[in-house]
Amino acid sequence: MSARRIFARPARLAAIAPYLWMVLFFLVPFGFVLKISLSQTAIAQPPYTPVFDFTEGRAALTAAFAQLSFDNFRLLISDNLYILSYLRSLVVAVTSTLILLLIGYPIAYGMARLPQRWQGVAMMLVIVPFWTSFLIRIYAWINILQHDGLLNQILLALHIVSTPVVWLSTDSAMYLGIVYSYLPFMILPLYATLSKMDASLLEAAGDLGASPRQAFWLVTFPLSLPGVGAGALLCFIPIIGEFVIPDLLAGSNSLMIGQTLWLEFFTNKDWPVASAAAVALLLLLVPPLVLYDRLQRRQLESNR
Amino acid sequence: MARTATRLTRFNMTSLALGLAFLYLPIVILVIYSFNASRLVTVWGGWSLRWYHEFFNDRAMLEAAWMSLSVAAVSATLATLLGTLAAVGLARGERFRGRALFSGMLYSPLVMPEVISGLSLLLLFVALNAERGFWTVTIAHTTLTMCFVTVVVQSRLATLDRGLEEAAMDLGCDPVRAFLMVTLPLIVPAIVAGWMLAFTLSLDDVVIASFTTGPGSATLPIRIYSEVRLGVKPEINAICTLVIALIAVIIVVASFASKLSSARGESAAPL
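Protein sequence lines correspond, in order, to chains H and E.
Heads up: the first sequence runs through residues 2 to 305, numbered per this note's numbering.
Heads up: the second sequence runs through residues 30 to 300, numbered per this note's numbering.
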C-alpha cells in the first residue's frame, strides 16, 4: 500500500508532458471551433473575422464575446442542405449498423464455437483487415465495382445481366463500403461476449426441452445483448461522421454531415459555417457516446 | 469450460467462411491486379511488374510516399513516448487534479470524427500562424495516435502484478528505478504494439492530413485519394500492394512481440 503511494508522485509527474500536449492540441483547438462557429463570415484571408488577440487579455475576451453571433447556426437550421445531411447521416448510420449486426452476429457466433485453439487464429484474421489501410480497402472495392470491373465482368460472363450494371456512385456501394470497413468493429465485441458465455447454460436449456433454436433465442441471444449494444455503438458513432466512404462510393446527390463540413470548408471556404457544422455533428454524437459510456461501466461492474 | 454442447454446426462454418472471404477477397483481387500487364484494369494481360516500375519512376508519388513514411515514423515515436507517459500517469498516478479531464481528452479522439479533429487543428495552426507542412501533419497525427498508444499500454499496465514493483522497492529500489528496471521491460511488447498501431494509423490517414498539410507536401494517402477520385489507375494498385506488404510486415512483428510477452507467462497485449 505504501509503495503505491510512493509510486503515485513520479507517475503524476510523468503525465505532465502528455497532459500539456493534449490541452494545447486537443482542447484549445476545440475552443477555436466553437469560437469560429459563432463568428461572422468575412471575405478575407483567412476567411473569418479575427479570433481574439491573446495579448489584449481580458478586455479582448469580453469584446469577442460581445460579437458572438448565432447566424451560422441559424443558417444551419434554415438551409435544407444541412438538415438533410444531418438526417442522412442518421439514416445511413442506423441502416449500416443494422446490416452490420445481421452480418456480424453469425460470424462472431461461429468464431465463439470454434475449438479453443482456432479461436485465436480466427480473431487474428478478423483484426488484420482492421490494421490494413482503410483507404486501400475502399479502393479495392472500386476495382471490383467500377463500370468494367470484375463484378460486371462476372455477371456478363454468366449472362446474368446483358449490359453492365452501375454499381459505383450508388447508395448500395456506399453501404457495402461501410459494412466492409466496420465489420471488425462489430465482430470483436460480439465475439467477446459470446465466447465468455457459459456453455452449461445451453446444456441446461437443452435438458429442459428447448430446441437449439429456442435455446438460442431464449438463452444465447439475451445474454449477448451487452455485446450487441457495444458493437452497434462502436460502429454507429464513427459512421455518423464518415467522410471518405460516401465521398468515394456514394452518388453526389445527397451528403452526409461530414461531407457537408468538408465541402463548406474546402470548396465554399466558409469556415464559420464549417465550424458550426462541426459543432452540430458533435451534438449528434453526444447521446450515443453517453449510452456507450454507461454500457461500458455497467459491464465493468458486472465483471467484478 | 465445457464446450461439449456447443458443437460447430454447418451454419456456423458457412457464416465464418463467407465472412472471412468477404473480408479478404477484395484485397486479394487488388494484389493480383497490381501484377496485371494490361493498362486496362479489366483485361488480364499476363503477369508483369510494370506498374511497380512506373511507381518507382513517379517522382511526385515517391515524394508523397517518403513524406508519409517520415511523418508516420516521427509521429509514432512521439506518440509512443507521450502515450506511454500518459498511460503510466493514469495507471500508476492514482488520483490527481484534472484526472477526469485528462482521461476524457485521451479517449475523445478515439471516437471523434476525423473531419472535426482536422478542422480544429487547422484552426489552431492558422491562429498560431504556423507554416503548414511536415510538422503540422506530424503534430496532428501524434495527437490522434498517442491516444491509441495510451489505451494499449494502459490496459497492459492494469493487468500487471503490482507486487513486482513493490518487491523491487522493498529491495531498495526507488520508484523510478523500480519502474525502469521491472515494469518497463514487462510492458515493452505493449509499447511496441502501440508504436506499430500509431505508425499504421498515420500511414492510413487522409482526412486529418488534408486539413493540416500545406501546398506541395501531400502524403501518400492524399495523393492516392485524389487519384482514386479521378478513376482507377493500375499504378495505384501497385502502390496499394506495397503499402499492404509493409503493413503485413508490421503485423507480423507486432504479433511476434505480443507472442513474446505471452511466452513470458503473461496475457498477450491487446490488439
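Hints are not guaranteed to be accurate.
Examples of chain H residues toward chain E, derived with CB under 10 angstroms [to be verified]:
no. : residue
1   : W132
2   : D172
3   : L219
4   : F222
Covered stretches of chain H (chain E as the covering partner; in silico rule of three or more C-beta atoms under 8 angstroms from a C-beta of chain E) [said to hold, decoys possible]:
no. : region
5   : 269-283
6   : 296-303
Everything labelled a hint here was simulated from the structure, so no lab data went into it.
Idealized CB from N, CA, C, for every residue including glycine.
* Asked: Which hint numbers doesn't this structure obey?
  -> 2, 3, 4, 6
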